[in-house]
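Asker: Next come the chains, spelled out residue by residue.
Protein chains: 6
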Amino acid sequence: MVDVINPERGPVGLESYYHYDLAAIEVHKLVVSAEKQGYDGVVIACFGDPGIEAAKELVKIPVVGMAEASYALARILATKFLVISDCDTAVPRQIRYLKKLGTPDYQYAVIQIGLTVLDIIDDREGARDSMITKCRQALKESSAELIVMGCSAFSGLRSGLEQELQLPVIDPAVAGLHVCMTLVQMHLSQSKTLTYKTPPDFEIR
Amino acid sequence: MVDVINPERGPVGLESYYHYDLAAIEVHKLVVSAEKQGYDGVVIACFGDPGIEAAKELVKIPVVGMAEASYALARILATKFLVISDCDTAVPRQIRYLKKLGTPDYQYAVIQIGLTVLDIIDDREGARDSMITKCRQALKESSAELIVMGCSAFSGLRSGLEQELQLPVIDPAVAGLHVCMTLVQMHLSQSKTLTYKTPPDFEIR
Amino acid sequence: MVDVINPERGPVGLESYYHYDLAAIEVHKLVVSAEKQGYDGVVIACFGDPGIEAAKELVKIPVVGMAEASYALARILATKFLVISDCDTAVPRQIRYLKKLGTPDYQYAVIQIGLTVLDIIDDREGARDSMITKCRQALKESSAELIVMGCSAFSGLRSGLEQELQLPVIDPAVAGLHVCMTLVQMHLSQSKTLTYKTPPDFEIR
Amino acid sequence: MVDVINPERGPVGLESYYHYDLAAIEVHKLVVSAEKQGYDGVVIACFGDPGIEAAKELVKIPVVGMAEASYALARILATKFLVISDCDTAVPRQIRYLKKLGTPDYQYAVIQIGLTVLDIIDDREGARDSMITKCRQALKESSAELIVMGCSAFSGLRSGLEQELQLPVIDPAVAGLHVCMTLVQMHLSQSKTLTYKTPPDFEIR
Amino acid sequence: MVDVINPERGPVGLESYYHYDLAAIEVHKLVVSAEKQGYDGVVIACFGDPGIEAAKELVKIPVVGMAEASYALARILATKFLVISDCDTAVPRQIRYLKKLGTPDYQYAVIQIGLTVLDIIDDREGARDSMITKCRQALKESSAELIVMGCSAFSGLRSGLEQELQLPVIDPAVAGLHVCMTLVQMHLSQSKTLTYKTPPDFEIR
Amino acid sequence: MVDVINPERGPVGLESYYHYDLAAIEVHKLVVSAEKQGYDGVVIACFGDPGIEAAKELVKIPVVGMAEASYALARILATKFLVISDCDTAVPRQIRYLKKLGTPDYQYAVIQIGLTVLDIIDDREGARDSMITKCRQALKESSAELIVMGCSAFSGLRSGLEQELQLPVIDPAVAGLHVCMTLVQMHLSQSKTLTYKTPPDFEIR
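Protein chains in written order, with our numbering: chain Z, 17 to 221; chain D, 17 to 221; chain L, 17 to 221; chain Y, 17 to 221; chain V, 17 to 221; chain H, 17 to 221.
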C-alpha cells in the first residue's frame, strides 16, 4: 500500500536550490514520522531529490529519491539517456546532481521546455506537445536512446511520449516507487555506517 | 514465478573472459528461447554478466545482468561499496566492467579471497570465513560501507556476512531478480533504438 | 571590515547532512539580510558550505563557501592536498563535495581525527596533537603536499601544524575571507543567468 | 610475413554485439591455432576487436585489436580524433569500447555514414564520397584533427580521404599490423599475471 | 605596489607551444630575479601560463598563472564557463591545460575569434565586436554562464563585454593579480615538498 | 638507421620542470635540424618528453616522446601498469603527464627509488636491486601487471627485472624508437591542422 503525503508547509513549486532547501526541512519531518508510523520505505517525490542525504541519515528504512532511482534504471536500459526538464535553471541543477551521483558525461543529455511547474499543471497538453518537439530535436542531435521525464509534474505523460517517440520513457515517480519496493522486499536499506550514519544528537537551538 | 535454467553446454565455472565468451553463446540461445516461451524478463545469473549486450539486442523483454543490477542498487545505498570476488583475475575483470558501466573510481573497491568457484561450492563455510576476514580488513583500510557479493557461488552467504560485519550486503542473484521484476512491472525494457537494436539478419555460415 | 554573525537558531555543531540542511535555512536569512544591510560579500564559515547554492541564488553580492575557497587555492599550490576532517562521517561528505565541485581523485586525500566539533573546542591541544600524528602518517602514505584544515573548529591551529609538518596549511576561514574580498575588489559575483538565477517568487505556505 | 585468415564460420558481417560474440568463438580457435603453428603475433582484423580479451588470455604471443591499436596511435598524433563508422549502432559500440579502454570524452568524436559492411563492399566509391561529406561536416563542428577509419571494410580508402581532407587518416588494419609487429620486435606481449592469465582448465561440457 | 616587467627576449606574441617554451626560459629568469629583488609574489601575465611549473620550483614566493587563477575563480561563480581565445590553435592548448589542471569537461567550453594577438592589438574595436558575436552564439548553444577572456591582449575589454552580454566576465590579468595578492596576504605559497621542490643543482652546460 | 644525438647544452640530468624547460629549447633545435638533414622521424629520449608539443609543431616528420610511447603500449598489454621513477619529484611530474595524456587513475601507479639520474649511472647494480625491491612491494599492494621503466637511465635493466619479477617490462627508449618507426612506416605523423600546426612566424627578439 502506498500513501502519498504532501508537506504542510513549503513552496508550491520547487525550481531553485532555495526551494529545495526549504523542502528538505519538511522532508526530514515526514521521513521520521513515516518510520515511526511503521512505513517500510519512503520515496521523495520531487525530481530534485530534496533533503535526500539527510533523510537517509535520519531513518533506518530505505529512502529513495525519484531522480536517483530513474537514473539507476536508465543506465541499465541505454548507453545514453535524455533528461527533459521543465525550466532553464533545472538544467545545471540536474547536471550537478548527475555529477554528484558520479554519472559520466557521455551517458546523459539534459534539455528543458521553458515552462514552470505551475505552467505545466495548468496546460498539460501544451507541455506534452512541447516535450515531444524538444525531445525529437534532441534525439536527432544526440545519440540518446531513452527519456527520463525530469519533473514530477510530467507524471502521466509517459504513454503519450512513448507512442510519439518510439523509445522507453521513465516516469520518475513510478521508478522511485519500484526501486523503493525492491529495497524493502530485499531487506536492504542505506548503509548506516558512514555517509548515512544517524546524526549525533546535538542540541538544536 | 521464476524458473532457473542452466545452459546445456559450457564451462563448469566462469573465471576468465574465455569462459565468459563461451557462456555468451549459450546465453543468447536461452534468452531467445525464453522470449519465445513467453517469459516476461531474463536475469543472467553469473556475476560477470556474460553475453549481456548481445542478449539485450536479441529480445524485446528486459534482460538484466546480476552485476549491473547489484551495482545500480549499491550506488543508491552507499557512497562507496566493496566487491568481494572469488579469485585474483576477477578483480581486473570487475574493475573493467565497472568502468564500462561508467562507475567512478571513488565509488568502489574490489578484493578477492583466492578461491575458485569450485572451491567455494566445495567448502562454503571456509569461503564464508575467508570472506569475513578479507572484508573486515578491507573495510578498515577503505571507507566502503556496503558489500556486493561478487560471485554467484556466494549466494546464500548474505545473512552470515551481515551479522558479522554489520552493514548491508547485496546478494547479486536477488538483486538481478528484483531489478528485472521492477522493469517488468514498470513495462520498461532496454531501448531498441541504438545500442540494443535487433541485429541485422546477416547470413551466418 | 569583517563582521562575524552566528545564526540565532540551529544545531550547536554541524556533523551530518541533517545539520547542514538545518543550517542552510538560517544561512539563507543571514545572506539576504547581509545584502540588505549593505555588505559587499558573504563567507559561509562552516567547512561543509551549508546552503551555499541557495545563498548564491538569493543575493547579487558574492557568496563564498570556505571549503570551495580552500580547495580553489589548494589546487594552485600543490598537485595533491590532504584534507584533515574532524569525524568519520565528514570523510564521505567531503569526498562527495569535492566530486560535486569536479575535483579529480588524484588531487586529494581526506582523513579524520575521530573527534566531534565539540571535542575539538574542549581540548584544542589534544586535537592539534592528533592532527599532527594523523597528517604525518597520511603524508608518508600518499603524495600530498599541502594540508587543508577541514573543519572551522581547527581555526587558529595553522601555525602549529606548519611548524611541525613543514608544508603549507590552509585555514579555511581565512581562505574564504580572502577569496570573497578578491571577488568584491574585482567587482565579480556568481553569475545570475542560470545556476544561481534568483528563484521564482513562488507562494511559500 | 603476414597471413590473412578468415574464420570458417560466423556471420558475413559484424554489426552488433551478437555478431561480435559469435565471432569471438572463432577468434579464440584461430588465435590458439596461430600460436601452435608458430606465428609470432596475431591481429584481430575487425574494428570491434571481437574476442580480444579472451584471445589475450589464451596465448602467450601478442594479440592486438585493430581498434585499440588505432586509438593508441591516434592519441599520440592529435588531441582529438574522429572515428568514422559504418552504421548507427556502431556509434554507441565504439563509444562504449573507447570508455572501456579509458579514453576521456574530449579526445574523440564518433560519427557514421549509415551503410552496412555489405553496402560498403558493394559500392566503395559511394562509401568514400559519403565518408568525405560526413567527415568534412564533423570536422567543422568539432575540433578533431585526425580520422580513424572505424570499419575494416574501409581499408584502402585512406589515401582518397587524406587528399580530400588534408589531415592524417589511420587505416586500422595497417595500425593493428604495425603495433603487433612492434610488440613482436620488442619481445613484448600482454601480461599473463592477472587480466590475461591463462584461463583455468575447467571442464567444458 | 605592482610592477609590470616584459622579458627582454622572446617572441612578440605567444601562439604556440614553441612560443610558450621560448617564453618559459625568460619567465624563469624574471621570477628568480623578482624574488631576489624582494617582490612578494609573481603573476605570469600570459594566458598560457608559460613556464609556470618551473617558476614555482625556482622560488619560494608565490607564482600564479593568470589562466589558473581565472579558472579557479570561474569555477566558484558558475557551473560552466566559456573561454574566448584569440586563434584556432589556442583552443586545443587551453583544453589540454584545463585537463592538466583537472577540470571536468562539463565545466567549460572554449571558442576562438580567429585573430592573432597582433591583430587584436591593432584593432581592439574589431576584436571586441567579434568577441561579442562569437560569445552570444556560444552562450545560446551551451549553458555557459560566465566568460573568461582567454588572451592577455583582451585586457581592458571586460566592461564592454559585460554590458553587452549581461553576465560576469573575468579579465585574467586582474584575476592573476588578485589571487597572487591573496596568497601573499595569507602567507601562502606553492608547496616546496614535492611537485615544486627546488630543482637539484645539476651542472648546466 | 638510428642516430643518437645529445644536445650540446643543457643540464646533465633532467629532474625538475626547470630542467625540462631548459632541455626543451635544445630539443626544438635538434628536431628542426633532424628534419632538415632528412631524418624520417625523431624520438625524444628523456622520460619526461621535454619540449614534445613544440617539437611536434616545428616539423612535419613524426616526433615521439618515449613516455607517451611506453604508455600507449602499456595500455594495450595490461589493465594497470606500474611506473618506476628515479626520484620523489618524478612521481607528481609523471602523474601530471599521465593526466595530460588523459590516462584514468585506475590504469597506473607511480613509485620511485629515491635516486637521482646521476646516482643510477654511478651504481647501476644498486639501482637495479632497489628497483626490484620497490616493484615487488608495489606489485603486492596494487594490481599492476606490467612495469614501465620511468627514467632513461634505467635503459638496459629490462631483462634483469623481467627475470626477477616475471612480468613484461617496457624499456622506454626502445618503445619510443619502435613507435616512431611504426609511424614512419605507416606514413603517419602528428596532425598539423590544429594542436601541432606550424607556429606563426612571429618576430623573436
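Heads up, some of the hints might be wrong.
Each pair may be met inside one copy or between any two copies, as identical chains are not told apart.
[Stated by the list, open to error] Simulated crosslink set (DSS-like; lysine-lysine; CA at most 30 Å straight-line):
1. 76 x 156
2. 52 x 150
3. 52 x 76
4. 45 x 156
5. 116 x 76
Everything labelled a hint here was simulated from the structure, so no lab data went into it.
Asker: Against each hint, give a clear statement of whether it holds in the structure.
Answerer: Each hint tested on the structure:
1. Taking CA atoms no more than 30 Å apart as the test, residue 76 paired with residue 156 passes between copies only; the shortest distance there is 23 Å, against 44 Å inside one copy.
2. In this homomeric assembly, residue 52 and residue 150 never come within 30 Å of each other (Cα to Cα): the closest approach is 44 Å inside a single copy and 37 Å across copies.
3. For a Cα distance limit of 30 Å, the shortest separation of residue 52 from residue 76 inside one copy, 11 Å, qualifies, whereas the shortest one across copies, 42 Å, does not.
4. Neither within a single protomer nor between protomers do residue 45 and residue 156 lie at most 30 Å apart by alpha-carbon distance, with minima of 44 Å and 34 Å respectively.
5. Taking identical chains as interchangeable, the C-alpha atoms of residue 116 and residue 76 lie at most 30 Å apart whether they share a chain (23 Å) or sit on different chains (26 Å).
Checked against the numbered hints given earlier, this structure breaks hints 2 and 4; the rest are met.
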